[in-house]
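Visitor: Work out the full structure: start from the sequences and follow the hints.
Counting along the sequence shown from 1, when you hit position 407 you're at 423 in this note's numbering, and nothing is skipped either side.
Be aware that one or more of the hints could be misleading.
Said to hold, decoys possible - Quick list of in silico lysine-lysine cross-link-like pairs, DSS-like style, CA-CA up to 27 Å:
| no. | residue 1 | residue 2 |
| --- | --- | --- |
| 1 | K614 | K587 |
| 2 | K539 | K300 |
| 3 | K300 | K274 |
| 4 | K564 | K615 |
| 5 | K437 | K191 |
| 6 | K611 | K587 |
| 7 | K383 | K564 |
| 8 | K437 | K453 |
| 9 | K442 | K425 |
| 10 | K476 | K400 |
| 11 | K453 | K476 |
Unchecked claim - The following label-pair restraints were derived from C-beta to C-beta distances:
| no. | residue 1 | residue 2 | range |
| --- | --- | --- | --- |
| 12 | E327 | G253 | 16 to 22 Å |
| 13 | D495 | D138 | 43 to 49 Å |
| 14 | S259 | I233 | 17 to 23 Å |
| 15 | K383 | G139 | 48 to 54 Å |
Read the hints as simulated data drawn from the structure, not as lab findings.
Here the structure is a predicted model, which means the values were calculated and not measured.
Where a beta carbon is used, it is the ideal one built from N, C-alpha and C, also for glycine.
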Amino acid sequence: MEVTFWTQYKRQRPGSQQRILEFDLASELHHGMLVSNLAYAVAEEMGLPHEQCYELAIAGMLHDIGKLKLTSYINGQEQDPLVIEELKYVRMHSALGYEELKGQGYSDFVLESILYHHENYDGSGYPSNKAGDDIPIGARILRVCDVYAALISDRPYRRGFDISSVMELMIDEVKNFDMQVFLAFQRVVHNGDGRIFIKEEDNMALKKKPVTGMKDILPKEMEIRNYVMNMIRETYGTFGFSSIETPCVEHIENLSSKQGGENEKLIFKILKRGEKLKLAEAEKESDLVDSGLRYDLTVPLSRYYSNNANELPAPFKALQMGSVWRADRPQRGRFRQFMQCDIDILGEPTYLAEIELVLATTTLLGKLDFHNFTIRINDRKILKAMAQYSGFPQESFDTVFIILDKMDKIGLEGVAEELEKEGFAKEGIDAYLGLFKEITSDIEGVRYCKEKLKDVLDPKVAEDLETIISTVDSVKTADFKMSFDPTLVRGMSYYTGPIFEISMDEFGGSVGGGGRYDEMIGKFTGNNTSACGFSIGFERIVMLLLEKNYEIPTKNGKKAYLIEKNMPADKMLTILKQAQEERNAGTQINISIMKKNKKFQKDQMTAEGYTEFVEFFKDRM
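Guide: Structure representation (structure tokens):
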């Protein structure tokens, strides 16, 4: 994990590589004491003999002593250029420390704990790439404590993280640690020992950074977001969609109804409040939790429609934009809080719903200057028919589809291997994968499925899918292609018919998706209602627009008034009236006092999209 943070720092600070080799004795002593105390506490928590707990405290204090040896190399005493090159990765200090301490009366337990304290449980560490229980228990304990102490403390290249952030980061990399050690370490930290040597004022300080997985939105991005949201309302409005809003908090029963697939594992759950929260009497989760933050907009929409159907037209075309929350691992284009934008058609059983959804979504993307993207389309009924044709038991379909969904990452051979590991017959696997080799990505592929699967597939399913593809191709206005993809699964178990995703080469993944879910509303009302929806990845769309420096089209542009300091009141009034006249005409006017470094001021405003500058001086107007 240290390497990861250092890599990030180097990207931010070019030319700062040597900082990692700097040696601050006071900082190293502080680090050693923290690791020493934590290691002793974790060993004690795990029930190790008292002597080993004591020896781990010693090992924790001395685990980085090899860095002292490093300084002699760094300061020019080592002349071998190959050795120096190795030292750039600071991968010798554990072995150097071992050699330095060997023969000085320390036990093998202490020495091996120091030598192997950078070994990862999954075998990816150093110096010997040991894995699992081959790593001495002392080293496994030091590994966890060392990472924690490094992350929570200030380093030359970054500020220390708060305890909650550190725990989240370590959980993300838990493969590096012995799980039993890590659990014991968590108990120690939660009991307060993790705060050893952390200044009280550091714990009490207000935190500037957003919660992990959330982000602050700066003006430039906010401008793009607002533009996209306005374009969404305008474009979808022309297709007859009406804006609605649902609460961000939903009943936990609705969120956990086995409709949301893997998302149900990512719910931000909310404790009961007031008198309903009885911690002392709680025996199961339901005793503590009654609601959660929504992880998508489809489940709330289904509840909304069930509650308000009598007051809504049929069919009902809904547009929703709002934040959703998933306790996911943050990465490029993925956050724990993010905006979702959905359009849904409720009460329309025919393929007209799918056609309208695809046309509306692609028209929007075209207006946002996206080109040459792909709408991948499939049908859950074809998925099931292919599995049935190949002889897979119906109760195993979900397992088969989960493996199939990895096709783009592991290929046909990888899918075959995983299906074999699940115990499926080779004959069935060969028949199943043989279908994918024959199916093309155009209408002919749909026709092949219709003929090949005629004994297990209603022909109307393939006919409707063919109609959707051909109709969209005939009337589309944006630059994209329709592609039949029999490997498309979509993770949500509530899909019952056609499913689709948007693929963009520049992103390298999906930027939207949806499908038909005719049975979800029936979970609320007892009567199934035809329903189909399409969601665009709002955050990913905005990210792509920012990355290609998208300029928002404006009629009158953005103009800046720069006013000399201490402008007399009467002249200031004249300037303000002039600005108001231009604003009334539709021009965006930003009025600012002129700074000493006028060039830097203009550069900043130019970066915000201002293309014209008007300067006002006291002696000339």
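Visitor: Give me the numbers of the hints this structure contradicts, sorted from smallest to largest.
Guide: none
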